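Take the given structure of chain Z and dock chain A to it, following the hints.
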Amino acid sequence: MGIIARVKKNLPSWAKKIFKKKKARIGIYGPPNAGKTTLSNRIIRDWSGDTMGPVSEIPHETRRARRKEGVVVNANGATIALDIIDTPGLATKIDFHDFMAYGLDEDEAKRRAKEATEGVIEAIKWLDDLDGILLIMDAAEDPFTQVNVTVIGNMEARELPLLIVANKIDLPEASPARIKSAFPQHTVIPISALEGYNIDKLYESIANHFG
Amino acid sequence: MSKKKTKKKRTKKSTNQKGIKIDLVSGDRLSTMASMEKIRLILDMVRNGSIVILERGLTPEEEAKLIEMTMAEITPDDFSGIEIESYPCKQRTTFLGKLLGKTTIETRLTVVGAANQLKTLKRDRDFISALVSARS
Numbered sequence: 001m002g003i004i005a006r007v008k009k010n011l012p013s014w015a016k017k018i019f020k021k022k023k024a025r026i027g028i029y030g031p032p033n034a035g036k037t038t039l040s041n042r043i044i045r046d047w048s049g050d051t052m053g054p055v056s057e058i059p060h061e062t063r064r065a066r067r068k069e070g071v072v073v074n075a076n077g078a079t080i081a082l083d084i085i086d087t088p089g090l091a092t093k094i095d096f097h098d099f100m101a102y103g104l105d106e107d108e109a110k111r112r113a114k115e116a117t118e119g120v121i122e123a124i125k126w127l128d129d130l131d132g133i134l135l136i137m138d139a140a141e142d143p144f145t146q147v148n149v150t151v152i153g154n155m156e157a158r159e160l161p162l163l164i165v166a167n168k169i170d171l172p173e174a175s176p177a178r179i180k181s182a183f184p185q186h187t188v189i190p191i192s193a194l195e196g197y198n199i200d201k202l203y204e205s206i207a208n209h210f211g
Numbered sequence: 001m002s003k004k005k006t007k008k009k010r011t012k013k014s015t016n017q018k019g020i021k022i023d024l025v026s027g028d029r030l031s032t033m034a035s036m037e038k039i040r041l042i043l044d045m046v047r048n049g050s051i052v053i054l055e056r057g058l059t060p061e062e063e064a065k066l067i068e069m070t071m072a073e074i075t076p077d078d079f080s081g082i083e084i085e086s087y088p089c090k091q092r093t094t095f096l097g098k099l100l101g102k103t104t105i106e107t108r109l110t111v112v113g114a115a116n117q118l119k120t121l122k123r124d125r126d127f128i129s130a131l132v133s134a135r136s
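Note that the protein sequences, when read in sequence, are chains Z and A. The numbering used here applies: residue 1 is where the first sequence begins, and numbers increase by one. The numbering used here applies: residue 1 is where the second sequence begins, and numbers increase by one.
Looking at chain Z on its own, in the form it has when it is part of the complex (with noise of 0.2 angstroms):
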């Protein structure tokens, strides 16, 4: 945490009003099938009435990055202005087989899979223009994956600021309790991006945490 942010946190709450952000940034990230654009559609809809895109339980549905700029989200007291980006799932290895479990054919599995790794890149490069991101991880999925690992070291190496979102909590093997103590010095919040379980919770921290 550099200077200017180490004074900021230690402001009294009335101070912190005077430098409270009115605009960021943020990347909503994560692993393929981890509900990025179902919780981008969610934001969006509820503070714009409006949607980003599609999602399939294919994974790399998103295969290119995503914009929504002006997603003004109130909360507690605090606003911000988002411009929102729902980047495509991060992943070390792609194999077109796996599409082909999912019934496409040769042709299509290796035309997504293509597309899936410029996807991949194009995420990597947004990370560079950022003002912070919210990291989605499936609940029910083990959290200590090597693309989690690499974008928290990111976040941390750049200082900006991270939110994990637990998402999914409607699964009945859902354990954000796994996520908190993957990541102790992190906020975890449990959400379910479908059903919009704690999301109230979710715009606060948000409004909080960038703002």
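One thing to keep in mind: the hints can contain errors.
To be verified - Facing chain A, from chain Z, some residues (calculated, C-beta under 7 angstroms):
#: 1; residue: THR92
#: 2; residue: LYS110
#: 3; residue: ILE121
What the hints assert, rightly or not - Just a sample of chain A residues kept apart from chain Z, beta carbon distances all over 12 angstroms, derived:
#: 4; residue: VAL25
#: 5; residue: THR32
#: 6; residue: SER133
#: 7; residue: ALA134
What the hints contain is simulated information worked out from the structure, not anything from laboratory work. Being a predicted model, the structure only gives us computed values, none of them experimental. Ideal Cβ placement from N, Cα and C applies to all residues, glycine included.
Relative to chain Z, chain A alone:
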């Protein structure tokens, strides 16, 4: 004469043995290399079928760059990417660092292999269990 022949045969047999090559790169060697040199070295070794163990790992930015370059090299039926396993970085703050708001990031052991050779079984903050197989 016959002894010589036997020796020759044994040597030939040992080079034909199937195995998994492991390349261990010391922290000292890594510290003399530029980021792109490290990434190129890792990808070349992995694509040649080696499992690479880096004594002190890569910085988070270098890890992101490694993923980026891996994506650019993926080709159907040839190379589907890498499996990379590292312990999370440690952040250290000295007294002077505290005053200046500076933290030092300490990278840790990292294992990299081709996705079809290295499979993570279990990992947490201080433990990695992986299955390594010969090239398929």
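Query raised in the report: Against which earlier hints does the structure fall short, listed by number upward?
Result: No numbers; nothing is violated.
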